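Number of protein chains: 2
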Amino acid sequence: MIETALLEALKGGEWCSGVEIARRTGVSRTAVWKKIEALRLQGYAIEAVAGRGYRLLGGPDRLLPSEIAPHLRARRFGAEIVHRATVDSTNLLAAELARDGAMEGTAVVAEAQSAGRGRLGRTWASPSNLNLYLSVILRPAVGPMAVTPLSLVAAVAVAEAILATTGLRSGIKWPNDVLLGERKVAGILTEMDAEADRVRHVILGIGVNLNATSRDFPTELRRKASSLRIATRRRVDRARFAATLLDELERHYDRFVQGGFRALRDVYEAYHCLPGRHVRVEGRRGPRGTARGVDDAGALLVETPDGVVAVTAGEVSLHGNYRG
Amino acid sequence: MIETALLEALKGGEWCSGVEIARRTGVSRTAVWKKIEALRLQGYAIEAVAGRGYRLLGGPDRLLPSEIAPHLRARRFGAEIVHRATVDSTNLLAAELARDGAMEGTAVVAEAQSAGRGRLGRTWASPSNLNLYLSVILRPAVGPMAVTPLSLVAAVAVAEAILATTGLRSGIKWPNDVLLGERKVAGILTEMDAEADRVRHVILGIGVNLNATSRDFPTELRRKASSLRIATRRRVDRARFAATLLDELERHYDRFVQGGFRALRDVYEAYHCLPGRHVRVEGRRGPRGTARGVDDAGALLVETPDGVVAVTAGEVSLHGNYRG
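Line by line, the protein sequences are chains L and W. Everything in the first sequence is counted per the numbering used here, starting at 1 for the first residue and increasing by one. Everything in the second sequence is counted per the numbering used here, starting at 1001 for the first residue and increasing by one.
Hints in this document: simulated from the structure, not taken from any laboratory. All of these numbers come straight from a predicted model, not from anything done at the bench. Be a bit skeptical, because a hint or two may be false.
[Claimed, not checked] Below 25 Å or equal to it, Euclidean Cα-Cα: the simulated SDA-like pairs (lysine to any residue) are:
#1 W:1184 - W:1169
#2 W:1035 - W:1022
#3 W:1173 - L:200
#4 W:1173 - L:141
#5 W:1184 - W:1164
#6 L:173 - W:1142
#7 W:1184 - W:1079
#8 L:173 - W:1143
#9 W:1173 - L:198
#10 W:1184 - L:86
#11 L:184 - W:1198
#12 L:173 - W:1200
#13 W:1224 - W:1213
#14 L:173 - W:1198
#15 L:173 - W:1141
#16 W:1173 - L:143
Just chain L, same shape as in the assembly (with noise of 0.2 Å):
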């Protein structure tokens, strides 16, 4: 991409030449001089001054390809990046482009999301150009069965990117909540479209919090919320965020494809809260006891009075204290 080889040519804010980023982009001095532009319309500050050239005097704050590009270490995922200044839902529009036949990692990312959505029907809060909103397509050539740890490798994912970005070592709600003491700062909607025994494509969706205050969410929102910015007092980069999540999600999704969810149990009970805990499991019939961590397809073991029993759906509320 021409703009991730012209900023490269600009970083470091020293002056560079018309001629020399011509040379190094392997294209003419007018086509540097209109993508300059361009990356001026996109809130790049470039200055330029005659007989010196060019010098990069500051980034946008934004979730552009050309801002997560340069991070990115992953080779697949977001080797396609689609970005909207706001969309319904960047799972809705991961879903159409899968239908279309992007490939595996192809990601989307967007600045706010007019009908953001979590697990269950829910909606989720999605301001404006603070937090990221994520979704990534996969392919796995498994039946729908083997699908549902997905969500749990997502969220180690999120989990060893907050702490790669930030030093924080967060928690992991089963299935798929990331929380910050006891407050969610990431929520995941993994959906798919499947025929009876073939899973046609996954959409990953990821909602982060990591610019947001407590303000820029809803009131009912403030005391359940936090954010990577609430929890550092520190603003985060979010094109480095985005760079490095989708790293560990390849990173995550490989070890999956190649060994099941077994291969990242460790990792996932490293940052899983329940255990200990007095949990139960909503609906009916749901049991409730001491949760004992999960078993080898992700499923959430609860020690009742009549045995341990394995939870494999449903919403967990925490009763009690830590037991240990």
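Given chain L, put chain W in place with the hints provided.
Positioned in the frame of chain L, the structure of chain W alone reads:
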């Protein structure tokens, strides 16, 4: 539905006065006259003579809700029927209705499909006004892993509907092709929209070749496709068949929801034509051996030199003759 009540009043081909019809259907005589005109436009031959009233000479050979409903015993399946003269694919329209909230059992029927689809991305030959193209919306309260056997359940319902309508005993080729002799008479495409641990809806798409003759099929299918008409040398009442199939689908689906595939395993095996035959499962590591029926989860059991293998997905090809 007024159409149904009106056709009910005219049933038997006897004269029935406008006053009488108005009384039985509970609408005005003007409304009766308007509905008669509407039915004529749909292809009903209705004679009208002053002083005697109306009589029904014949109905159209169409899969109209007014033609299907009188034969229907099912309560939920077909309670809502959407009819189209032509549609890209009944599954696509049903999926759209499902996303808009259509209830379980809602059925889509079409006289023709411009883009009829089969399993594994194949097409389904869909000549006009001869066969049945039916899709039913299901909303089972299960996780994605429990959906796989639904195709087998649908195959049983098709085999039972064929038996009830024609007396013919068809064979099911695992997982869900329905055959007469060695030729395909029906195909099933089960598609689902799901979250990681929750099915939103399943679309059960069924194509049954009813009145097509071999020249109605594309040349390359003539040796592979059959129809009820080819097998019996008689035309089938398509609307009646659709009603019977909806009945059988509801009956077997309810058994599946209550007791799992295990509850239907015996009836599936009674139609299953693979046991005892030498089969090969396509794919890189697909096993070869003698088919030995299905297990409680609907997986095909294949006896290989290395032991019995349970196959959950894939295409099976036949090799050699019956071995008993």
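Could you tell me which of the hints above the structure violates, numbers in ascending order?
-> Checked against the structure, the hints that fail are numbers 7 and 10, while the rest are satisfied.
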